[in-house]
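In terms of my numbering, the sequence shown is residues 1 to 393.
By construction, these hints were calculated from the structure, which means they are not laboratory data.
There's no promise every hint is true.
[What the hints assert, rightly or not] Below, computed lysine to any residue pairings styled on SDA-like, alpha-carbon distance capped at 25 Å:
hint: 1; residue 1: K269; residue 2: Q226
hint: 2; residue 1: K303; residue 2: K393
hint: 3; residue 1: K393; residue 2: V34
hint: 4; residue 1: K343; residue 2: A298
hint: 5; residue 1: K281; residue 2: P232
hint: 6; residue 1: K269; residue 2: A175
hint: 7; residue 1: K214; residue 2: E239
hint: 8; residue 1: K393; residue 2: D91
hint: 9; residue 1: K214; residue 2: A158
Source: prediction; values computed, not measured.
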Amino acid sequence: MANKVGSGRAGGPDAVRASTEATRAALEALNGAVPAFGFVFASPALSLSGCLRAASEVARGAKLAGCTTAGEFTERGLIHGGVAVLLVSTDSPLLGRVARDVAAAPQDAARALCEGFHRAAGSGRQKGFVCSTTIALVDGLSGAGERFVESIVESTQALHQVVGGAAGDEGKFQATHVGEPERAGSDMAAAIHLFSRSPWGVGIGHGLEATTAKMRVTRAKGNVVQEIDGRPAFAVYQEHASKRGVQLSAATAGEYLIANELGIIVAGKVTRARAPLSVGKDGSLNCAAEVPQGAHVAILDGKPDTMVAAAKQAAEEALQNLQGQSPAGVLLFDCVCRGLILKDGFQREIDAVRGVMGEVPVAGFLTYGEIASYSGRIESWHNTTAVVLAIPK
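The whole structure should be built from the sequences, with the hints applied where relevant.
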């Protein structure tokens with residue numbers, strides 16, 4: 001049985017109406033095929049629970065997971081205040097899970113998401129479903145980051161790939177929600193594990209560059225950066241902003257921080273980026289994932305053209321990782337900072353992905369962090385990145 005993919009989007013402000021309309025559009029795009037699973041990406045202005053329940057009623061029993069966003073999109077474009085839905089019809093076995101308490105116990109939450117994985121994987125292998133992929137959504141303010149993703153990797157199997165994104169709340173940085181139709185809320189994570197005959201293709205790209213000299217993290221613990229070059233971390237950002245004519249205060253710095261993320265430099269290259277999500281009373285920065293004490297860092301920025309080129313690069317890598325299969329559709333997890341940089345030109349990024357993949361359905365959201373663990377890569381949690389997941393036909 002071939003995989004089929006459909007996408008749909010609709011504007012608010014009524015959660016049930018918007019989700020119903022978006023899901024119906026995605027269902028119609030399947031041309032009569034029955035959806036097995038799907039994703040609901042909803043504005044934080046709408047009730048995620050309401051959106052998921054409404055989508056479930058339309059989607060004929062498909063396994064659904066969803067989250068709030070910093071912007072939601074399909075191939076038709078980026079919107080704010082609405083719902084984007086992707087539905088997939090497939091005969092691949094799958095397993096869906098949700099977990100709570102991500103912030104306090106990310107490893108335990110990850111293990112809860114993987115309960116039953118090995119049993120399902122073994123059953124799938126006997127039927128020829130030898131490849132596996134996890135699509136994970138997680139609270140974007142939990143700070144769980146790499147510990148969460150690494151625990152999923154440890155709880156699954158060799159050559160397993162994990163992709164996904166961290167939920168958003170349109171730059172308010174107050175609360176993000178994740179869940180399934182039966183339960184959704186803050187401090188949660190959701191995952192759908194897929195077992196397939198051929199691999200799903202993953203690709204990433206960021207396209208950002210350092211805008212400062214190399215600096216050293218002189219004090220940090222976990223995901224909290226207290227000092228950079230012996231100064232409060234936020235003071236470094238205030239100086240950076242002041243040179244650009246922007247006066248930053250802790251209460252209003254969110255958008256600037258997310259648009260100018262902290263890059264970790266190894267051997268002269270930006271290897272990872274970390275999104276500062278909030279400012280502590282001591283001038284520290286609470287980041288989306290861990291930043292090691294002693295690491296060399298720089299503040300990053302990007303130009304629209306390099307953002308689009310990076311998305312194209314990610315799509316090309318994902319297509320190559322389909323190993324000869326044609327794409328049926330695409331899930332795209334895209335850092336909120338990329339939306340802030342591209343602004344009204346975000347459609348260029350979607351078009352760049354479809355320029356590689358063909359005229360296929362696309363759905364995704366602007367995230368507070370991107371997940372991509374595949375092909376033996378060391379890094380699993382990303383910021384500033386476009387993560388492309390190509391679904392084979």
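We went through each hint and held it up to the structure:
no. : hint         : in the structure
1   : K269 to Q226 : 23 Å, holds
2   : K303 to K393 : 34 Å, violated
3   : K393 to V34  : 15 Å, holds
4   : K343 to A298 : 23 Å, holds
5   : K281 to P232 : 10 Å, holds
6   : K269 to A175 : 33 Å, violated
7   : K214 to E239 : 15 Å, holds
8   : K393 to D91  : 11 Å, holds
9   : K214 to A158 : 36 Å, violated
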